[in-house]
Structure formats: C-alpha cells, structure tokens
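Visitor: Sequence:
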Amino acid sequence: MLRAGGAATDHHGVVATADDLPPGPFGTVLADPPWRFVNRTGKVAPEHRRLSRYDTMDAKEIAALPVADVMAGQSHCYLWVPNALIAEGLQVLEGWGFAYKSMLVWAKRRKDGGPDGRGVGFYFRNVTEPVLFGVRGKLRTAAAGRTQVNMIETRKREHSRKPDELYPIIEACSPGPYLELFARYPQPGWASWGAEADADVVPRGRQYPAYGSSSAGTQRPR
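Residue numbers (numbering that gives the first Met the number 0): 0 to 221.
You can take every hint at face value.
Straight line, CA to CA, 27 Å or less: simulated DSSO-like cross-link-like pairs of lysine-lysine:
1. Lys100 with Lys137
2. Lys59 with Lys137
3. Lys100 with Lys59
Derived by calculation from the structure, the hints in this document are not laboratory data.
Keep in mind it's a predicted model, so treat the numbers as computed, not measured.
Let's have the full structure, built from the sequences with the hints guiding it.
Guide: Okay, structure coming up:
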C-alpha cells in the first residue's frame, strides 16, 4: 500500500499526490526531479519568475516520496541530479531504498562535437550532468551492462530535457516494468507519473523544437 499524504508540486505547478504513483512492483525507476537550489543572488532557480521554467521541490520533499512502496525487492534506480546537488541526490537514493553503485554522465555537445559551454555553474562551466545509479537488493545489470560505457554524448534541446538515448540503455541493462517519475516526455512501454506526464501537456518553459534536431536524440516512435 502507498502511504497517504505528502503532496508534491510538479513541473507545471500542479499538485500531484503520492497516492497517484502507479501501482508496482516496478523493476526500474528513472527520475528527473525538479531540484531546488539558491544561486548567489539569493534567487531560487530555476523557478524565479524571470525564468518561469518549472516549480521545484527541496531534497527532503523528493526523498519523502514513497517510491520504495512501488519498487520490487530487487530493482534499479536512475536518478538525474545537478552537479551541485550530488550529495542531496545520494540522500534521495537512500530515502527511496536504494544503495548508490555508480553513475552515468551526459556530456553535452555542440553541433561540431565539442563541449557545449553554454551551461551554468558557480565554479566551473558545466557541460555534463550525472545520473546516479542505485540498486535495491543485490541486482546486477544485465549482460548488456558489461559493455555499456557510462557516458552519453548528445546535443542539448529544450531547457531541462534529457537525452532520449538513456531509455534504450536502461531497457537493455535493467529489468522491467519501468517507471518514470516527474516525466515530461512519456515513453512507450513505460508507466509515468507527474503533472506533465500526459502526452497532451506541453512542458512549461520556452520550447526549441528545432534545437538539436540533427542529433540522434529524437523522440522515439510511439
């Protein structure tokens, strides 16, 4: 049974309750939480009104979601986290019942293949974004994981949109059924949860439909 209560405000400013999590058990969960952090000016990014990208949650709110209740006893978790919040990401993994084992890294590239230096960062210009990989129980990756490198190199698209190349990697390396939390572009064959998880919802924030269209990271057919 799912624990009641604990409403979560998702990307589109709509309240989604923990009771709405799809019933499990799931073999793998992928999550791209709307992390909250404060920049040097004291403004909350990325929900500052000038940016108007999406509403955010702090790490404790994210960790409190009853994800463990819908996961199999032997399961995997893939958790997107900003470089500056890796410590908080590890706390979320633990709160969801997973032990950290490794990470995958998205290296953001320009059209010519070089690093896309338009990212942000207080200390260095970020051109990467990690995906923390956690395990519940003693479940190794499938045979494909033995040869799968832990780097994805693609161009960026809309703000906060992650590369579609990750989905086939997960499907090859980790067991189903598959659940995506805070989904913005729902994938075929996956259960999804979040206020923008419906295919008819246009994710909040400026859209760049042609940006990165020459790369392999296009939406998979439904």
